[in-house]
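Novice: In order, the protein sequence lines correspond to chains R and D. In this text, residue positions in the first sequence follow the working numbering: the first is 1, and each later residue adds one. In this text, residue positions in the second sequence follow the working numbering: the first is 1, and each later residue adds one.
One or more of the hints may lead you astray.
Unchecked claim - Straight-line distance between alpha carbons at most 20 Å, and here's what the computed DMTMM-like set of lysine to aspartate or glutamate pairs gives: (1) R:K103 <-> D:D24; (2) R:K103 <-> D:E68; (3) R:K26 <-> D:D86; (4) R:K56 <-> D:E110; (5) R:K103 <-> D:D86.
To be verified - Short, incomplete list of chain D residues facing chain R, as computed with Cβ under 7 Å: (6) Y10; (7) A38; (8) P43; (9) S62; (10) F65; (11) F66.
Unchecked claim - Covered stretches of chain D, going by a simulated chain R footprint (3 or more residues, C-beta under 8 Å): (12) 44 to 50; (13) 75 to 83.
Read the hints as simulated data drawn from the structure, not as lab findings. Backbone N, C-alpha and C define an ideal beta-carbon position, used for all residues, glycine too.
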Amino acid sequence: SQQGEEDPQALSIQEGENATMNCSYKTSINNLQWYRQNSGRGLVHLILIRSNEREKHSGRLRVTLDTSKKSSSLLITASRAADTASYFCAPAGGANSKLTFGKGITLSVRP
Amino acid sequence: GAGVSQSPRYKVAKRGQDVALRCDPISGHVSLFWYQQALGQGPEFLTYFQNEAQLDKSGLPSDRFFAERPEGSVSTLKIQRTQQEDSAVYLCASSQGRFPGLAAISSYNEQFFGPGTRLTVL
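Required output: the full structure, derived from the provided sequences and hints.
Specialist: Written as structure tokens, this is what we have:
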């Protein structure tokens with residue numbers, strides 16, 4: 001299936017540390033998107049990486065994509081307590097198609 | 001506000017009742033998606049509209065679920081004869097998705113989510 005599977009399921013780090021989250025999928029994709037969800041703001045789009053891209057940056061976020069391994073990673077540098085949330089990867093089979101989310105990664109950043 | 005809005009934010013229904021959930025997408029967004037999110041799970045796709053056309057309804061769990069977007073903007077998700085297993089957060093998302101030539105622009109594909117409607121069926 002196209003569904004993203006995130007790893008680890010839960011991650012707890014100290015403020016200031018880096019957080020690395022991984023995602024694997026099984027079929028070919030057009031793009032892969034990462035989202036964050038917390039109770040205060042709902043589901044928020046973080047970054048989109050297309051299948052012909054290998055790495056993308058946005059502020060403290062760095063996303064990589066390896067289509068040969070069908071995997072992606074999200075790195076959050078210099079984490080903050082406000083980064084505490086659930087993170088989802090969502091592969092998309094087409095340019096404007098439905099997203100298939102995994103169960104997500106629960107990130108806790110301790111002050 | 002320029003974001004996606006949904007109403008009501010919370011809905012409690014007795015088993016067997018019909019409910020209607022509303023989504024107001026971002027103005028001008030062609031594509032509209034509905035997702036269902038159970039507690040502790042990621043969102044699961046229900047259905048997709050491009051303008052008023054429902055192009056994909058493969059995720060609707062049963063014929064009790066019905067969605068429409070008659071004028072290509074506001075959408076309504078209706079659940080008939082609600083069951084306890086329908087209890088979940090229902091999320092609506094919209095994206096620009098207008099011209100294939102713009103697919104190279106990342107923001108074209110980005111889906112903007114509303115705050116969701118939390119449905120509890122007693």
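Novice: Compare the structure with each hint and give your call.
Specialist: Hint check:
Restraint check: the Cα-Cα separation between R:K103 and D:D24 comes to about 26 Å, which exceeds 20 Å; the hinted pair is violated. Proposed proximity of R:K103 and D:E68 is contradicted: the alpha carbons are some 28 Å apart, above 20 Å. For the given pair, R:K26 sits about 29 Å from D:D86 by alpha-carbon distance, which is inconsistent with the 20 Å threshold. Among the hinted pairs, R:K56 with D:E110 is consistent with the structure: their alpha-carbon atoms are about 15 Å apart, no more than 20 Å.
Our distance criterion of 20 Å between C-alpha atoms is met by R:K103 and D:D86, whose separation comes to about 18 Å. A least Cβ separation of about 13 Å between D:Y10 and chain R goes past the 7 Å threshold, and the interface hint is therefore violated. The beta carbon of D:A38 comes no nearer than 10 Å to any beta carbon in chain R, farther than 7 Å, and the hint placing it at the interface is violated. Given the 7 Å rule on beta carbons, the hint for D:P43 holds: about 5 Å separates it from the nearest Cβ of chain R.
The closest approach between the C-beta of D:S62 and any C-beta of chain R is roughly 18 Å, which is over the 7 Å cut-off, so the hint fails. At about 15 Å, the closest approach between the beta carbon of D:F65 and any beta carbon in chain R exceeds 7 Å, and the interface hint on this residue is violated. The beta carbon of D:F66 comes no nearer than 18 Å to any beta carbon in chain R, farther than 7 Å, and the hint placing it at the interface is violated. Three residues within the 8 Å Cβ limit are the bar, and the region 44 to 50 of chain D against chain R gives 3, so the coverage statement holds.
Coverage of the region 75 to 83 of chain D by chain R is violated. Counting CB-CB distances below 8 Å, 0 residues qualify, and the rule asks for three or more.
Hint check: violations occur at hints 1, 2, 3, 6, 7, 9, 10, 11, 13; the rest are consistent with the structure.
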